[in-house]
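What follows is the residue order along each chain.
Protein chains: 2
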Amino acid sequence: MDRIGFIGLGLMGKPMALNLIKKGFSLVVHSRSQAPVDAVVAAGAKAASSPADVAAQCDIVITMVPDSPDVRQVVEGPKGLFETARAGSILVDMSTIAPAVARELATKAAARGLTMLDAPVSGGEIGAVNATLSIMVGGDAAALERVRPVFNAVGNPERVVHIGPAGAGQVCKACNQICIGGALASVSEAFAIARKAGIDPAKVREALLGGFAASRVLEVHGERILKGNYVPGFKTKLYHKDLGIVGQTIHELAVSAPVAALVQQYVSALMAAGRGEEDYSSLAKAVFDASGLE
Amino acid sequence: MDRIGFIGLGLMGKPMALNLIKKGFSLVVHSRSQAPVDAVVAAGAKAASSPADVAAQCDIVITMVPDSPDVRQVVEGPKGLFETARAGSILVDMSTIAPAVARELATKAAARGLTMLDAPVSGGEIGAVNATLSIMVGGDAAALERVRPVFNAVGNPERVVHIGPAGAGQVCKACNQICIGGALASVSEAFAIARKAGIDPAKVREALLGGFAASRVLEVHGERILKGNYVPGFKTKLYHKDLGIVGQTIHELAVSAPVAALVQQYVSALMAAGRGEEDYSSLAKAVFDASGLE
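Top to bottom, those sequences are chains X and L. Going by the working numbering, the first residue of the first sequence is number 1, and it counts up by one from there. Going by the working numbering, the first residue of the second sequence is number 1, and it counts up by one from there.
Where hints are given, some of them may not hold.
Since the list gives no way to pick one copy over another, a pair counts as held whenever it fits inside one copy or between any two copies.
Said to hold, decoys possible - Dumping the calculated DSBU-like pairs for lysine-lysine here, alpha-carbon to alpha-carbon at most 35 Å:
(1) 108 <-> 227
(2) 203 <-> 108
(3) 196 <-> 241
(4) 196 <-> 235
(5) 235 <-> 203
(6) 237 <-> 23
(7) 241 <-> 227
(8) 196 <-> 23
(9) 23 <-> 241
(10) 227 <-> 79
(11) 22 <-> 203
It is worth saying that the hints were derived from the structure and are not from the lab.
If we strip away everything but chain X, and leave its shape as in the complex, we get (with noise of 0.2 Å):
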């Protein structure tokens, strides 16, 4: 079995890292807090000095960090996987950042001898610790061949999907990011017209699971507008980072995408009102003070 690197131990890359351990992966971490990589030596790993250490060290690296400048820094970057790593080596960057940043760092491995995939993933914090993320993979099928044990050790394997090209999984992770937003915007004005005709949006939610309004955004997220329980969970500050990146991509790609516009402002109306380390579900929040509601 590959020994496989693993760099940011963060929210998600440290219960998908423990996963790969419990699941027999030889690991070697890195990640720029200590804590999470004593905790994840302390399960079986070996700590690295940097990504090139890392990257001396290992096949397969796995990249899990905030943005794009954050997956520039590691891969390309001083001490950055491209210092060390041999030819044949697979990059999996599972960070959501931006299609042509992926795009852009693919096409620089493949100069250096190497291949490298992006891998997104969707499913939150949860999903990373129950091992049931879904994965969006773009770039060479044969390398995602190689990576599967990986994925399957960290997601549903029947929801590991080659979408196409680099970048290919990124574009699909904005797509998740766009229907997610606009099911919750939805909700949320439909909670909203329930609350000021005065009736009570728990009903609501109730008869329309039944039928083809029917959404995990409206089962679970619906439930926590409800309650008011905005404890994340997905991290609002991060959702506004995934739209920003929505954004680009509709502008670069010349679409219109109002519906996604649209999301994207009432989450600047989130950090702007202080929101941004609330769950995103928080969004329905933005909705409501629109219309004068608590």
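For this one, chain X is given, so just place chain L on it according to the hints.
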């Protein structure tokens, strides 16, 4: 068992009436077109010459007609239900109409010693045929209990929900149409982005069904959109009518609901493009058109 009146044997009403007969209810029917009356009479119903003729023979009368003016006509027009309905009777309007009209008619009914429920449905023609409709009920709870066996015969008993007072069922139906529209528009935008990026939207659908973006719209309408199969189902022109009610309701309540407004604009574009007779999932065509996609 009460003898049940049923007025309006259209795409939805006819299969609902047939289900009631199949489940042992004694039915008196009336409809503008003769053909469905003949079909339902052949199945065992008795035909009446007018709504007033129906109400003279039944203590529970169901109406299932296209829009608010049609309900007004049947209820308070010449030879309407109000002319002959006996005190204590229950009028059940299962059409999708404006909440304000539902409330007004319920008030007028109460002044005559009648009880009126608004009980719009979700689930479409297939739900009507299979007796799996969701039913959103506004009005008196005791009257709902008396009518419940009828609802259980045409819908899913677990999805017969008492939403609130008169008009609440119609408000809930408006919420239903908003949630479906928000999901449909965002799925369509996501597919447009995938297509513009040269990615197969079928792969996007497959990946997204595993996570928080999962919805019945993505599952069922997503597949229709991928196949370009816009055979109704539920016609765009009826969805356009429903969104008129949504727009009016939002305005009257002074709710800010921009996603709902956008969905209404998309559907107006469909009507302008002559797509009224197609399934309403052809909303995707309005989205694709706006981005220069076939």
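Okay, the hints, checked on the actual structure:
{"no.": "1", "hint": "108 <-> 227", "result": "neither (48 Å within a copy, 37 Å between copies)"}
{"no.": "2", "hint": "203 <-> 108", "result": "between (54 Å within a copy, 26 Å between copies)"}
{"no.": "3", "hint": "196 <-> 241", "result": "both (32 Å within a copy, 22 Å between copies)"}
{"no.": "4", "hint": "196 <-> 235", "result": "both (28 Å within a copy, 29 Å between copies)"}
{"no.": "5", "hint": "235 <-> 203", "result": "both (27 Å within a copy, 27 Å between copies)"}
{"no.": "6", "hint": "237 <-> 23", "result": "within (32 Å within a copy, 54 Å between copies)"}
{"no.": "7", "hint": "241 <-> 227", "result": "both (26 Å within a copy, 33 Å between copies)"}
{"no.": "8", "hint": "196 <-> 23", "result": "neither (51 Å within a copy, 39 Å between copies)"}
{"no.": "9", "hint": "23 <-> 241", "result": "within (32 Å within a copy, 55 Å between copies)"}
{"no.": "10", "hint": "227 <-> 79", "result": "neither (47 Å within a copy, 49 Å between copies)"}
{"no.": "11", "hint": "22 <-> 203", "result": "between (43 Å within a copy, 30 Å between copies)"}
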